[in-house]
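Please work from the sequences and hints to get the whole structure.
The residues making up each chain are set out below.
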Amino acid sequence: MRENLHRFFRAARGAGVHVSPAESIDAMRAVAQVGLTDRTILRDALLLTLAKSQDEKLALGDCFDLFFSQPEPREERPEADNDDDASEDSDQLPSSGSASEAGGGQPAGGLGPLAQMLLSQDRNAISAAVASASGAASLSDIRYSTQRGIFSSRILDAMGLQRLRDDLDELATTNPSLAERLRGALDALREAVRDTVSQGLALYAREEAENLRNEILRNAPLARIERRQVAEMRALIRQIARRLRERYSKPRKRQRRGHLDVRRTLRRNAAWGGIPFLTAWKRKHRDRPKIVAICDVSGSVAQVSDFFLLLIHSLHEVVDDVHSFAFSSHLIGVSEILEKKSPEEAMAEIMSKVGFGSSDYGSSLVDFEKDFMSTLTPQTTVIVLGDARSNNLDPRADILRRVSERSKRLVWLNPEGRLAWGFGDSEMPRYATFCSVVRQCATAQQLERAVSDIVATYQ
Amino acid sequence: MAEQKASTSIEAVESGLAAQGYIASRQIATAVYLSQQIEKPILVEGPAGVGKTELAKAIAAWRGLKMIRLQCYEGLDEAKALYEWKYAKQLLYTQILKDKLGEVLGGAQTLHAALEQLHDFGDVFFSKEFVEPRPLLQALEQPGGCVLLIDEIDKSDAEFESLLLEILSDFQVTIPELGTVSAVTPPTVILTSNSERDLGDALKRRCLHLHIGFPEQRLEERIVESRVPNISQTLRRQMVGFIHEIRSLDLKKLPSVSETIDWARVLVLLQATELDTEIVRDTLNVLLKYEADIEAAHPQITTFIAKASRSNVFG
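For the protein sequence lines, the chains are A and B, in the order given. Going left to right, the first sequence walks through residues 1 to 459 as this note's numbering numbers them. Going left to right, the second sequence walks through residues 1 to 315 as this note's numbering numbers them.
Source of the hints: derived by calculation from the structure; they are not laboratory data. Treat the hints with care, as some may be off.
No more than 27 Å apart at the CA atoms, straight line, and that leaves these computed lysine-lysine pairs for DSS-like [stated by the list, open to error]:
#, chain 1, residue 1, chain 2, residue 2
1, A, K370, A, K340
2, B, K253, A, K341
3, B, K66, B, K86
4, B, K128, B, K66
5, B, K128, B, K98
6, B, K252, A, K57
7, B, K98, A, K341
8, B, K86, B, K128
9, A, K57, B, K253
10, A, K353, A, K340
11, B, K128, A, K340
12, B, K252, B, K155
13, A, K57, B, K155
14, A, K340, B, K252
15, A, K57, B, K57
Output of the computed footprint for chain B on chain A, the stretches with three or more beta carbons under 8 Å from beta carbons of chain B [unchecked claim]:
#, region
16, 24-31
17, 50-57
18, 301-314
Ranges of calculated distance between the beta carbons of each label pair, as one might list FRET restraints [said to hold, decoys possible]:
#, chain 1, residue 1, chain 2, residue 2, range
19, B, E295, A, T457, 30 to 40 Å
20, B, E295, A, T146, 54 to 64 Å
21, A, R247, B, T174, 28 to 38 Å
22, B, A79, A, D453, 41 to 51 Å
23, A, R401, B, S248, 52 to 62 Å
24, A, I150, B, E196, 43 to 53 Å
25, A, Q440, B, G179, 56 to 66 Å
26, B, E295, A, K341, 16 to 26 Å
Built from N, CA and C at the ideal position, the CB exists for glycine as well.
This is the structure we're talking about:
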């Protein structure tokens, strides 16, 4: 049983429940107390010891149901293809409980154990054999769906498929009708094994598959992800935001005392004739990030801007305030829309207002200078996200210079690769001279690093 | 054998709590049983008013133990939760014992010798007599064990959690001047949380995690039956059904079990025999605590009563 519990812990980890060794020990102790006879109590006990939140409880409950559904013989499983045997089969089931009972009145002389088992139609014995064979084939190591075939054949081998084949060859000459039955039963067995392997895949491979998918997603170019992946990407961005929040929301208790403040020390100690009994120290000032985000939402960049805005606006605990602006041919403030509406709705509204135009960086910068220059303070980091392709219109780099002068830092995130900068209508080199940092930002991973760096400069 | 014992023991917990007027679900009973067997605290989460605190009281009453309660709030610290030195008493004693001190030190010739003698004298002023035990230390010192309720742990600061870790895992505290104080009998510890903030993983790891949600209709009826015995069966069914309908609304604060019980009492006081629109409208403020919620529920009252009565017929 210990073996089984260990496999369950692995399955639980696959389901996204963090099971530490200490927790698994607790669970073992709890199970030793309540025993295994009552499944609902076992379920409650495992849920109590392993899950640490309501979400985890739900996930673990599902995992438990899936995991322990194994030993029960399923009703629909097509064990017997011979229909006339079906009724007999169900009558037989309760009486033949043990696996060792073989034959059952069938002409079974000289057959291998697997053949005898299949012919005796003993469902319990068969599923027990499948379970133990999948243990022998270490089914819990399955990671990818492509491994299904190999695990199926391993399990069948462990059950003694070779012997069964020999039996079949022999029976084909001596007793063709029995051979026919056996072949049917073998097909059913294959199906059962395939089901078991699929279940194993669902249980043990989820974590791996999810990691792999996330890894791919993190490195996929944001601008070209498919529609069906958008929701997954949003979830990933939320994860990133959570990670950044956890990392930066609590300012590390670092020494805030700076150099000796000579002037204040002298003034404070004037009463003692300037002998410094009391010292005064300068304090290092740290402020939380203020961010002004200016995002291109035209054509190819829109998707990236979408995820970027989502990320920036979910950093409430870390960032003091965020002002967001979106533009293609002209510029509007979008903070309010983003705060009030769900990400999907907000993006739709922004797109309907300014999206889908051909981008004009020059006039958008003019809009910004005219209306929103006052949002910039010396503590502000300005982040511009765009490909700097201005359709050969005047780029107005002079405004960008003034923006840069008024703010703490000016960071330009460009979804295009470095190679493309400066070619065609790209004004990137011209803008780049006024930026503190210019970096490529095409994937979720690059986005995370960029935002992380920006926040880190304030720490 | 042992397994047989387990399920009967869990039933024993259930009936034991029921005798104290606390109708526990199977999960709650399992949690209480397990926490006794493997000596682990229970962390109870759930909305306000579903009987988290009540559970601790019921356990204490059932097992005949003293209940020690520590209400958490922002700014709660060691001195208020664990122990404190009785400074005034220390000062007073030094004053009274001044002469005695003089006698003791009288024989010493040099300052060094006096210091030596003082050392021999020991740390009298930092002994057990001068420690004022606060709830956590009190709980460890109970000879027969007790139920320690740490209420609304989510209201305390994150630092306070770390303070609890030693108590929760080893049932001991370390006082620098005295050493480690271990529990005479490990207390049954119940922590409650309204999930106002996420608790640390270290704390959660040391506890059994129990979530008490709103009870099922049958269970809630039994709770009302046990708490307000003189309510008629039809009215009980109707009102519980009605509350379950109300909980399906999108409200600021959903009515929980304590509100159900209050409402049952009110209905008995008003001598209602069955729900009608009039009486519900008059007493809705017992159930709902926000004006906006009451307004949201108002137009639905008639349909909800109809639904509750209908389910009554089939139920």
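Hints, verified against the model:
1. A hinted pair counts as satisfied when its Cα atoms are at most 27 Å apart, and K370 of chain A with K340 of chain A qualifies at roughly 26 Å.
2. Pair hint K253 of chain B plus K341 of chain A holds up; C-alpha atoms about 23 Å apart against a cutoff of 27 Å.
3. A C-alpha spacing of about 25 Å is found between K66 of chain B and K86 of chain B, which places the hinted pair at or below 27 Å, so the restraint holds.
4. At most 27 Å may separate the alpha-carbon atoms for a hinted pair to count; K128 of chain B and K66 of chain B meet this at roughly 22 Å.
5. For the suggested pair K128 of chain B and K98 of chain B, the alpha carbons sit about 21 Å apart, so the restraint of at most 27 Å is met.
6. Straight-line distance between C-alpha atoms of K252 of chain B and K57 of chain A comes to about 25 Å, which keeps the hinted pair within the 27 Å bound.
7. At roughly 73 Å between alpha-carbon atoms, K98 of chain B and K341 of chain A are farther apart than 27 Å, so this suggested pair is violated.
8. Restraint check: the Cα-Cα separation between K86 of chain B and K128 of chain B comes to about 10 Å, which is no more than 27 Å; the hinted pair holds.
9. Restraint check for K57 of chain A and K253 of chain B: the C-alpha separation of about 24 Å stays at or below 27 Å, so the hint holds.
10. Of the supplied pair hints, the one linking K353 of chain A and K340 of chain A holds, its CA atoms being roughly 16 Å apart against a limit of 27 Å.
11. As the CA atoms of K128 of chain B and K340 of chain A are separated by approximately 58 Å, the hinted pair breaks the 27 Å bound.
12. Simply put, K252 of chain B and K155 of chain B have alpha-carbon atoms about 20 Å apart, close enough for the 27 Å limit, and the pair holds.
13. Proposed proximity of K57 of chain A and K155 of chain B is supported: the alpha carbons are some 23 Å apart, at most 27 Å.
14. With a CA separation close to 19 Å, the supplied pair K340 of chain A and K252 of chain B stays within the 27 Å bound.
15. A threshold of 27 Å between alpha carbons decides the hint, and for K57 of chain A with K57 of chain B the separation of about 26 Å falls inside it, so the pair holds.
16. Requiring three or more residues with a Cβ within less than 8 Å of a Cβ of chain B, the coverage given for the region 24-31 of chain A holds, as 3 such residues are present.
17. Coverage of a stretch by a chain is defined here by at least three residues with a beta carbon nearer than 8 Å to that chain's beta carbons; for the region 50-57 of chain A and chain B the count is 5, and the condition holds.
18. Look at the region 301-314 of chain A against chain B: 0 of its residues bring a Cβ nearer than 8 Å to a Cβ of that chain, fewer than three, so the hint is violated.
19. At about 49 Å, the CB distance of E295 of chain B to T457 of chain A disagrees with the hint of 30 to 40 Å.
20. Taking the beta carbon of each, E295 of chain B and T146 of chain A are about 58 Å apart, inside 54 to 64 Å as hinted.
21. Separated by about 32 Å at the C-beta atoms, R247 of chain A and T174 of chain B satisfy the suggested range of 28 to 38 Å.
22. Restraint check, A79 of chain B to D453 of chain A: a C-beta distance of roughly 42 Å satisfies the suggested window 41 to 51 Å.
23. Our hint of 52 to 62 Å for R401 of chain A and S248 of chain B holds, since their Cβ atoms are close to 59 Å apart.
24. I150 of chain A and E196 of chain B have their C-beta atoms about 50 Å apart, which keeps the hinted 43 to 53 Å range intact.
25. At about 60 Å, the CB distance of Q440 of chain A to G179 of chain B agrees with the hint of 56 to 66 Å.
26. Checking the proposed 16 to 26 Å range against E295 of chain B and K341 of chain A shows it holds: the Cβ atoms sit about 25 Å from each other.
This entry does not satisfy hints 7, 11, 18, 19, going by the numbered hints stated previously.
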